[in-house]
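Colleague: Make a model of the complete structure from these sequences and hints.
Protein chains in written order, with the numbering used here: chain A, 1 to 377; chain B, 1001 to 1160.
It cannot be assumed that every hint is accurate.
Simulated restraints on C-beta separations [stated by the list, open to error]:
no., chain 1, residue 1, chain 2, residue 2, range
1, A, Gly91, B, Phe1142, 37 to 43 Å
2, A, Gln202, B, Ala1027, 49 to 55 Å
3, A, Thr36, B, Glu1047, 41 to 47 Å
4, A, Ser152, B, Gln1033, 46 to 52 Å
5, A, Ser152, B, Glu1047, 33 to 39 Å
6, A, Asp231, B, Pro1032, 53 to 59 Å
Calculated from the structure, these hints are not laboratory results. These numbers come from a predicted model, not from an experiment. C-beta: ideal position from N, C-alpha, C; glycine also.
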Amino acid sequence: MLSPAVESDFLEVSLGPQHPSTHGVFRMQTVLDGETIVSLKPVMGYLHRNHEQLGEQMTYIASFPFTDRLDYFSAMSNNLGLAIAIEQLAGLDVTERGQYIRILMVELTRLVNHTAVTGFLLNDMGAFGTPLLYAFREREKILDLFEAASGSRMMCNYIRPGGVREDLPDGWLEGAKAIVDHYPQFLDQFETLLTENEIIRQRTQRVGVLPKELAVNASVTGPLLRASGVDYDIRKVDGYAIYPRFKFKVPLGQIGDVYDRYYVRILEMRESLKILQQALKEIPGGPAISPKGAAIGKAPRTFRPPKGEAYGRIEAPKGELGFYLVSDGSNQPYRYHVRAPSFVNLTILEDMCLGHKIADAVVILGSIDIVLGEVDR
Amino acid sequence: MLPPAEELKAAIERGVPGTVVTLDGPALYLEPQALLPVCRFLKSHPEYQLDYASNVTAVDYPPDPAGGGAGRIEMVYHLFSMAKKHGPVAIKVKLPRDNPRVPSLVPVYRGAEFQEREVFDLYGVQFDGHPDLRRILMWDGFQGYPMRKDYVPENQDAPA
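Modeller: So, in structure tokens, the structure goes:
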């Protein structure tokens, strides 16, 4: 016979560090009451390699291949962040064509990132394979473009102070145009599967709600912030590179739940496509890198920025990616710091998970969009 | 828009009596005990509304081998405003290297929580009032602060 008063106890469960739904070697130390989460502490550092200390022991240019390995889905954006910080520090200019190639690369990166993260999110919800493979099929095409331009699919190491390392190969722009023209069709197809899907709505709506005030106070950035309805996109706010020349909107969510995050990313991809179309139409000829930038690339040890400091930041696919550089006048940075968006965005993971079921924690984590290469540095 | 650094300095010194702000380029240097009141002031000021603590980190300046002295660690905070869409304001605090202590910014900006843990982990700065000050990237029980300039990395090629 069942006793009316069931005695219950808290259960400690360690999720990860080696589990597909933790997106890498990440651990969540949870305390459960039944299935409900009463405490969740993120544990990280398994991939820590002291990226910043490495950066302080080499020339400015030598850090570029290492930045590829921060957020390894968005190597181009990482390159751009460091390049912008160095340009700010040393007062370097970028050629017109270099600017346009950069925009093409980082917006394609945004497509890659948002497509892949949506696929992974569906994997986390139990839709194994299908959406992720659709996403990866499209991602492959863009990675082919990266390979043609930079020689590498993921570790691109392509953007340099003053422009980009090499000019685009013949036929690249036509190939990019074909992909960009086709992409809306893919997004429509993707949305047919997902946006109105009853199971997805049940799993994501009102799950992991992040209120506006908390999001701002906790320094959350990127699609996660905008899904909570805060209009803050560094491409618009700082107008870095040549973003003010392009017409695009900043999509915002209303509630700030997992569903809004999914949908904001879909809308952001449509805006990125608008930027890409404009950039492909307007891209001028000329050199891809300034003479000064090319000289630095050839002889990185002779590059000594003046004493001073710079904080360069960009709107990476995951949020604000900042590079803080302090120069003492030598050819190595005195201080090299990376402000990683996924690391800071993890601050509110526990707040979003409290009171939800343990299965929702996996979905909420997936909706933040973290990459451990960047969290652990 | 944000006013130039001189005006900002004057506004802070008027708004938070007893504070001394030292300018060095665009950076505002504060005394450790002034950090929290000044950040509260900048956050609530209707014109500045610096509601977003973007970047929190530190820089190590070991003692000069020729000149002596104790050396220092500088905390660096980059504040922006999401409401007004301006920034950054760079705030710095000089701390003695042998006992670096500074009030935690978490009561004002939640976003400082993990970043302060990182600075504690890698530089050994103590944050008074931090809700959960533990190592975050290195493992528990690790000795030393790897981002300090005089840290000697372990020689992994040495015979066991």
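Colleague: Hint by hint, note whether the structure agrees.
Modeller: Hints, one by one, checked against the model:
no.	hint	verdict
1	Gly91/A with Phe1142/B: 37 to 43 Å	holds, 40 Å
2	Gln202/A with Ala1027/B: 49 to 55 Å	holds, 51 Å
3	Thr36/A with Glu1047/B: 41 to 47 Å	holds, 44 Å
4	Ser152/A with Gln1033/B: 46 to 52 Å	holds, 50 Å
5	Ser152/A with Glu1047/B: 33 to 39 Å	violated, 47 Å
6	Asp231/A with Pro1032/B: 53 to 59 Å	violated, 35 Å
In terms of the numbered hints stated before, the structure departs from hints 5 and 6, listed from lowest to highest.
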